[in-house]
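Chemist: One letter stands for each residue in the lines below.
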Amino acid sequence: MTGTAAVLTGADAGSGMPVLELREVDVLYGRVQALRGVSLTVGAGEIVALIGSNGAGKTTTLRTISGLVRPSKGSILLRGQPIHTLGAEKIARLGVGHAPEGRRLFGRMTVRENLDMGAYSRKDRAGVRSDFERVYELFPRVKERSGQLAGSLSGGEQQMVAIGRAMMARPTVLLLDEPSLGLAPIVVENLFAVIREINQGGTTVLLIEQNALLALNTARRGYVLEVGEVATSGPSQELLRSPEVQRAYLGM
Amino acid sequence: MPRLGLLQRPQPVTPQAGPRGSGTSTFWIFSLGSAMLLLMSWLLPWFVRPTSSGVGYSPMDVVTSSPTGIGTILVYILAVTMLIMVLSPVLEIAYRLRKEATPRRFDTLRGIAAVIGLVSTVAVFVLARIMREEPLFGQIDSHSITDSAVWLTMAGYIIAAVTYGARQRVTHRPSLAFGAVALPFGLLLPLMFHQAPDFILWAAESLAVYMLLALGLNVVVGFAGLLDLGYAAFFAIGAYTCASLASPKHSIHLPLWVLIFLGAAVASMFGAVLGAPTLRLRGDYLAIVTLGFGEIIPDLATNNVGKLTGGPDGISSIDQPALGPIHFGTNKEWYYWSLLVVVIVVIILLRNLERSRMGRAWVALREDEVAAAATGINTTSTKLLAFAIGASISGIAGAFYGSIVTVVTPQDFNFSVSVSILSMIVLGGIGNITGVIVGSFALTFVIFWVLQNLNEWSGTLGQTINVPTLGNLNFSQYTYIVYGVTLILMMLLRPGGLIPSRARQIELKSGGEEESLAAVQGRA
Ligand SMILES: Nc1ncnc2c1ncn2[C@@H]1O[C@H](COP(=O)(O)OP(=O)(O)OP(=O)(O)O)[C@@H](O)[C@H]1O
Ligand SMILES: [Mg+2]
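Protein sequence lines, in the order shown, are assigned to chains A and Z. Quick note on numbering: the numbering used here labels position 223 of the first sequence as 223, and the sequence is numbered without any gaps. The number in the numbering used here is simply the position in the second sequence, starting from 1, with 1000 added.
For reference, chain A alone in the conformation it holds in the complex (with noise of 0.2 Å):
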């Protein structure tokens, strides 16, 4: 399994650098130790799961990575340039989007309006405008509702918003934190085939879920985190046979 190992180290899209690297990173959450050691990477144009149970330490690894949450050890780096000394702004026009976990979308703006600040640091209007126009195509539903407050938005649409107002930064890497939390299976459904969708115009993912069989299936690799630690590792049908796995997350 030669490929396996290129897989692995997520350098097999060309690019021979992984687009995303955490290094031995520790976070501490004043004496709470949320993370201990993270490392992983992912490879550009990858879609990467990260699963694990409630409080696992998660969210708390993206928001590391778009700089919300400093590490105290360790390092991040971004197409090779290290970046958990900056701030979250400068991360976020690096290129990471993020949509946080519980959406926090602006509720008193606007569907439009948020989907514009998600395009805050861009100048260049013409490709914002064909990028509002990119959204409205794989959300349709976002797009009927653009005039409406995003805080009267039902809970899908609202996650659809998230993830169309980190879209509108044109990110290379896209952290995305549970999407899926709180839908009806069928949005579910049509959401991660999106996801897909965004992938494949050069987007690279990494992806929260709770549902370990949809990460997995939708994702390349995965990486199990559990109390802070990665547990395991591994290209995601690898993942889907192992039996600890199997037990721990997909219920079987």
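These are calculated hints, taken from the structure and not from any lab test. Keep in mind that a hint or two might mislead.
Listed next, the stretches of chain A that the computed footprint assigns to chain Z, with coverage defined by at least 3 CB atoms under 8 Å from CB atoms of chain Z [what the hints assert, rightly or not]:
1) 99 to 108
2) 115 to 121
3) 200 to 212
Derived DEER-like restraints, expressed as beta-carbon distance ranges [claimed, not checked]:
4) A:81 x Z:1173: 47 to 55 Å
5) A:140 x Z:1450: 57 to 65 Å
6) Z:1416 x A:37: 52 to 60 Å
7) Z:1173 x A:39: 56 to 64 Å
Far from chain A, by Cβ distances over 12 Å, these chain Z residues were calculated [claimed, not checked]:
8) 1105
9) 1109
10) 1276
11) 1332
12) 1463
Beta carbons are placed, not taken as given, at the ideal position from N, Cα and C, and that holds for glycine.
Got chain A; can you put chain Z with the ligands on it based on the hints?
Modeler: Structure of chain Z with the ligands alone, referenced to chain A:
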């Protein structure tokens, strides 16, 4: 291609104000604005000089006295048309309460009344003031203030005519409508009171200065959502800076026109410096820290830090500016005119700021700081800029204040000043420039004009109706009751202020971040 539009509903329901809603608010601005101008033109000359009487002081006096000439018939016509105009908003309310549309011919009637009123106002003004036709009006007193009242009446009619004529065109632009009402008002205000020197001082020292302060605080509290309870500190910094540089205190005499910018720059610097330690704080914690600043700064001034501030006595004999041949010290109304220009410029700048990228960033920050940071907003510089811009406006206000009052002391900037500015924006509508203008006008009028003069008025009334105890009341001690009652009533009855900002409107309708039970049940 996957599509997420499975549950199509035919019509998206938007909770925003539709075109009809904003058209309605334009209508209200116009009709209430014109009604207010008309009322004030007839009633306020009486307020200002309650002891003076006699024909010629106000159009009302003409109506209430027996006719002295054939020309007074014109004034009666004026009174009738004015009554129609003033009552029309009341009728409108009555129709709305019964959920009926106002009849068309009512609109026509108002239109005709406006035109007739306008024509007769012009006729009265020309005949009585320019051609001085005494046989028509009886004796004409050359020092009367009727002409300014007539000017005001005219403005009222013009605005009223616009209301019914150009209503369709400005329907979607309430702020344009507000500007059209407020600007002539600001211009005519001192005209109406040209015999009342205190009034021009009120208009400059209290109204214009506090309006600037309220606009500045609104940037911090309203736009950026940072509750600042010590805003008077920046006012003090601006005022002391300018007082030091334009008085014998340090023998420096810079002109006011330079000091405006200097005061703004120094105050904004302090705004950023004092804002820095509060960056991580939110809500109540931030409020408490700013409260501390508000106490420390006047304290430092009292203790004469570095022998710069002159201790409890402050800095006195501040220079009076001049503009060419006009000396502001002797012509205090020029303070008002220059402040009017400054206020207008500040309002225009703030409106643009609100709509700029920075304005959007403030809204995002107010809504969700984490999400704002994740979308690439620099939360640190965005907050600091709000503090700096807010403070810079109070620096301008401080420069003018010191110059008008000619002496600044630490007491001028104590906590009560912060409270009064905050009350103004709460009354008018936090985050809404129009609301802040209305709120600062209303409160400064009540606190610094009505309450200050009420003693004299009630004394006069007491003499007239033979109740001498009325003359012993001291109304100015009720200032804080007015603030307190204003704040309590606003929070209970209209928490978004008289003219709520869009965000507040939404918040009140939907019950804020946490959906209220009523909202969930569809009752709110
Ligand atoms: N702001 C915070 N302050 C203190 N502790 C925190 C904070 N945020 C998270 N934690 C702790 O860090 C640990 C990891 O939390 P995290 O939110 O990353 O979990 P998660 O894997 O996303 O869980 P879930 O699946 O429930 O969302 C938890 O034990 C949590 O209690
Ligand atoms: Mg989580």
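Chemist: A separate judgement is required for each hint: does it hold in the structure or not?
Modeler: Hint by hint, here is what the structure shows:
1. 99 to 108: Check passed, 6 qualifying residues.
2. 115 to 121: With 5 residues close enough to chain Z, the hint holds.
3. 200 to 212: violated (count 0)
4. A:81 x Z:1173: 47 to 55 Å: holds (48 Å)
5. A:140 x Z:1450: 57 to 65 Å: holds (58 Å)
6. Z:1416 x A:37: 52 to 60 Å: Roughly 57 Å apart at Cβ, these two residues keep to the hinted range, so it holds.
7. Z:1173 x A:39: 56 to 64 Å: This hint holds: roughly 58 Å between Cβ atoms.
8. 1105: holds (36 Å)
9. 1109: Since the minimum Cβ distance to chain A is about 38 Å, residue 1109 of chain Z lies beyond 12 Å and the statement holds.
10. 1276: Since the minimum Cβ distance to chain A is about 15 Å, residue 1276 of chain Z lies beyond 12 Å and the statement holds.
11. 1332: Per Cβ check, residue 1332 of chain Z is outside 12 Å of chain A; nearest 44 Å; holds.
12. 1463: Check passes; 55 Å lies beyond 12 Å.
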